[in-house]
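Q: So the chains spell out like this:
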Amino acid sequence: MVLFIILAISAVAAALGMLFSRNAVHSALFLVLNFAIVAALYLTLNAPFIAMVQITVYAGAIIVLFLFVIMLLGAEQLRGVAGDGGVWQRWLAGGLTAVLLISFASILFQGNAITPASAAGVIDTSPAALGLRLFEAYVFPFEVTGVLLLAAIIGVVVLSISKKRGQQ
Amino acid sequence: MEFVTPTINILIVLPVLLVAGGGALLMLLELFMAEERVKQWAPTLAIIVLALAFLQTIGLWGQTHTTFTPEGSSPMVILDNFATFLNVIFLLTGFFTVLISVNYLPRVGLNRSEYYMLMLFSLSGMMLMGMANDLILVFLALEVLSIPLYILAGLSRPRPESEESAMKYFFLGAFSSAIFVFGIALTYGATGSTALPAVLAGVSNGGALALAGVAMMLVGFGFKVAAAPFHMWTPDVYEGAPTVVTAFMSVGAKVGGFAAMLRVFVSAFGSLGQTWVPAVAVIAAITLIIGNVVAIVQPNIKRMLAYSSIAHAGYILMAVAASVNSPDGVSAALFYMFAYLFTNLGAFAIAIAAERKLGEGVMLDDYKGLAKRSPLLALAMAYFMLSLTGIPPTGGFSGKFFVFRATLEAGLVWLAVVGVITSVVSGYYYLRVVYLMYMYDGEGELHTKPALLTAVALTVLATLVLGLLPGAWYEITKQAALQGLQVLAGG
Numbered sequence: 014m015v016l017f018i019i020l021a022i023s024a025v026a027a028a029l030g031m032l033f034s035r036n037a038v039h040s041a042l043f044l045v046l047n048f049a050i051v052a053a054l055y056l057t058l059n060a061p062f063i064a065m066v067q068i069t070v071y072a073g074a075i076i077v078l079f080l081f082v083i084m085l086l087g088a089e090q091l092r093g094v095a096g097d098g099g100v101w102q103r104w105l106a107g108g109l110t111a112v113l114l115i116s117f118a119s120i121l122f123q124g125n126a127i128t129p130a131s132a133a134g135v136i137d138t139s140p141a142a143l144g145l146r147l148f149e150a151y152v153f154p155f156e157v158t159g160v161l162l163l164a165a166i167i168g169v170v171v172l173s174i175s176k177k178r179g180q181q
Numbered sequence: 031m032e033f034v035t036p037t038i039n040i041l042i043v044l045p046v047l048l049v050a051g052g053g054a055l056l057m058l059l060e061l062f063m064a065e066e067r068v069k070q071w072a073p074t075l076a077i078i079v080l081a082l083a084f085l086q087t088i089g090l091w092g093q094t095h096t097t098f099t100p101e102g103s104s105p106m107v108i109l110d111n112f113a114t115f116l117n118v119i120f121l122l123t124g125f126f127t128v129l130i131s132v133n134y135l136p137r138v139g140l141n142r143s144e145y146y147m148l149m150l151f152s153l154s155g156m157m158l159m160g161m162a163n164d165l166i167l168v169f170l171a172l173e174v175l176s177i178p179l180y181i182l183a184g185l186s187r188p189r190p191e192s193e194e195s196a197m198k199y200f201f202l203g204a205f206s207s208a209i210f211v212f213g214i215a216l217t218y219g220a221t222g223s224t225a226l227p228a229v230l231a232g233v234s235n236g237g238a239l240a241l242a243g244v245a246m247m248l249v250g251f252g253f254k255v256a257a258a259p260f261h262m263w264t265p266d267v268y269e270g271a272p273t274v275v276t277a278f279m280s281v282g283a284k285v286g287g288f289a290a291m292l293r294v295f296v297s298a299f300g301s302l303g304q305t306w307v308p309a310v311a312v313i314a315a316i317t318l319i320i321g322n323v324v325a326i327v328q329p330n331i332k333r334m335l336a337y338s339s340i341a342h343a344g345y346i347l348m349a350v351a352a353s354v355n356s357p358d359g360v361s362a363a364l365f366y367m368f369a370y371l372f373t374n375l376g377a378f379a380i381a382i383a384a385e386r387k388l389g390e391g392v393m394l395d396d397y398k399g400l401a402k403r404s405p406l407l408a409l410a411m412a413y414f415m416l417s418l419t420g421i422p423p424t425g426g427f428s429g430k431f432f433v434f435r436a437t438l439e440a441g442l443v444w445l446a447v448v449g450v451i452t453s454v455v456s457g458y459y460y461l462r463v464v465y466l467m468y469m470y471d472g473e474g475e476l477h478t479k480p481a482l483l484t485a486v487a488l489t490v491l492a493t494l495v496l497g498l499l500p501g502a503w504y505e506i507t508k509q510a511a512l513q514g515l516q517v518l519a520g521g
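Chain order of the listed sequences is A and B.
Using the working numbering, the first residue of the first sequence is number 14, and each one after it goes up by one.
Using the working numbering, the first residue of the second sequence is number 31, and each one after it goes up by one.
Treat the hints as calculated values from the structure; they're not laboratory data.
Using N, Cα and C, we set each Cβ at its ideal position, and we do this for glycine too.
Don't take each hint at face value.
[To be verified] Cβ-Cβ distance ranges computed for the label pairs, FRET-style: (1) B:M262 / A:G144: 37 to 47 Å; (2) A:F81 / B:E505: 51 to 61 Å; (3) B:Y470 / A:W104: 57 to 67 Å.
[As the list claims (entries may be wrong)] From the structure, some residues in chain B lie toward chain A, with a derived Cβ separation under 8 Å: (4) L55; (5) L59; (6) S103; (7) V307.
Pulled out of the complex, with its shape left as it was, chain A reads as follows:
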C-alpha cells in the first residue's frame, strides 16, 4: 500500500510535469518517467509481461519517435499559443473532466456497476505462459500479424519513393 501511494503520487507528479513544462523535450522526458512508473505499478499488480511491454513499446519506441519528431522539427520551445480557442474550450474541458471524475467516483464507491464475465480458469500472466498461449492457441493470428506488418512496411516504401520513380 505504501509502495502504491509513493508510485501513484510520483506518476501524477510526472504527468503534471509533462503538462506544465514549457520545453517539449522536457515534456517528452517527463512522459518517459510517467511510463516507467506506470510499468512499476503493473509489476505490483503481478503483471510482469505488461510491465515489460510498457517499457519497451511506450518508453522505448514511442518516446524515441516523439523525441525524433520534436528535434527534427526544432519545436522544442512552446511559443505563446494561448489566445485562440479561448475560454469555452477550457470550460468544455473542465466539464468533461468533472463528468469523468464523477463517473469514476460512482463506480469506486458504489461497487461495480457492470460485472464483466470472468475468463475460464485462473489466468497465468507470466511471460512464459503468455508465450505458450501465443504459439498454441494464437499461432495463426500471430502469423497473420506478420503479413500485416509486411504489408505496412511495403506501404511505407511505396509511398516514400513514389515521387522519384513515378516520373520515369
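For chain A, the structure is supplied; the task is to place chain B on it using the hints.
A: Positioned in the frame of chain A, the structure of chain B alone reads:
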C-alpha cells in the same frame, strides 16, 4: 508448462497462403530480376497465383474443415461452403482487377510491381474475413484487408486528389478500426471469450456490455462496407484513388466487410437478433436513400459509382437484416454480392477504358457519343447500367429479386418498399449514362486492349447467365448459407 501443438491442417488455409505468398514472392523477385522484367511479369504471376488458389478453393467446395484448433478450445479458422463461396468471389475480384489493370497502369504512369503485391496481400485479408472463427482473427483480417488499400489509394502520389483519398481513407479507417476493436473488447468482457462459438453461447447473458459491443462492431463494419451514416469517406476516396484501385475496393472491401459481418452477426450474435435487426434495417434504409438520391447529382462517373456502391451496400444490408428471421437472407446476400461483383467490375472496366489520363475523362459528359465510336462497349456499359438498376434479364435484377423476397419473408415490409422505391430512383442516374452515350455526339474515346476486353466480355457473360438462370446459382448460394451457419452453431 508444456507446449501442446494445436491441430493444424495446412490444406485448409492453402488458398490464403498462396495469395499472400504470391505477394511475398513478387517482392523477392525484385532482388533477382531487373525491375522492368518484374513489372512485365507481375500481372502474369498474379494471375497464376490466383488461378492456383482458385483451383484449390473449388476443390474444397462441399467440405467443412476447421484448423488451428488449440487443445480444449474452438478452432481459429473454419472453412465451410460459406467461406469457400466468398473466397471464389474474392479470387474472381482479384482476377478481374488484374485484367483491367494490366494496360491501365502503364498508360497513366503508375506501373509498379508493388501494386500487384499489395493487391494480393489485401486479397488474403479478405479471404480470411470469411474464414475467421475468432474475433481477434476477424480484426487482423480486417487490417490486412485495409492497410494495403490505404496505400493503393495513395499510389498516384503526389497527385493531391490521390493523397487526399489515401489520408481520408487511412484516418477514418483507423478510427473505425479502433471503434471495432473496442467493440471486440466489450464483447470479450461480456462473454469471457473471443472465439465465436463461445461468444454465441455467452452473448445473450451479456447484458448492457454485450449490447455495447455489438453496437460498436456494427459501426466498425458500417464504415468498411460504406453504409450511411458512416459513408462520408466513400465519394472522396473513390474519386481520388486510381480507378483500378477504386474498382478493387468497391467490390473487395465491401464483400470482405459483409463476409465477416454475416458470420459474426447472423451466427454469433444471432440470439440478440431482436435487438440488432431493427438497427440494421434502419441503417439499410438510410443507406439506400442517401446512396441513391445523392448519386443523381454527381457529374463524375467515379463519384456516381461511389454513391451507387453505397446504395448497393444498402441492398446487401437489407438481406443481412432479413437473415435472422428468414432462411433466405444469407443466401440472398451471397447471391447479390456475386452478381454485384461482375456488374460493378464490368462498369468500372468501361470507366477505365474511357479514362484518358489520370483524372481525365471521368466526367459523365465524356461519355457522350460513345455508342457511335465503340458500339459494342457502349452496349456492354448500357447492359451493366441496366443490371445495376435491376432491370431483367440481368444478374442485378435476380439479386434484387432474392433480396426483396427474403426481406418480405422476414416481415420487414416497409424496408422492402424503401428498396423498391429507391431502385426506381436509381434508374434515373444509371440510365442517364445510357442516354448520354446514345443520344449525343462527343469526343470521347475508349482505350481498349485485349485484357480489358476479356474482362468486359466475361463480366457481361456472367451477368447475363446470372440473369437468365438465377435458379441454379441460387441453389449454390443456398448450400453455402445453410452449411456456413450450421457449423458454427454446432461447433
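Q: Look at each hint and say if it fits the structure.
A: Structure-based check of each hint:
1. B:M262 / A:G144: 37 to 47 Å: 42 Å, holds
2. A:F81 / B:E505: 51 to 61 Å: Roughly 59 Å apart at Cβ, these two residues keep to the hinted range, so it holds.
3. B:Y470 / A:W104: 57 to 67 Å: 59 Å, holds
4. L55: Violated. Min distance 12 Å.
5. L59: Violated, about 13 Å.
6. S103: 6 Å, holds
7. V307: Not OK, violated: V307 (chain B) not within 8 Å of chain A, min 24 Å.
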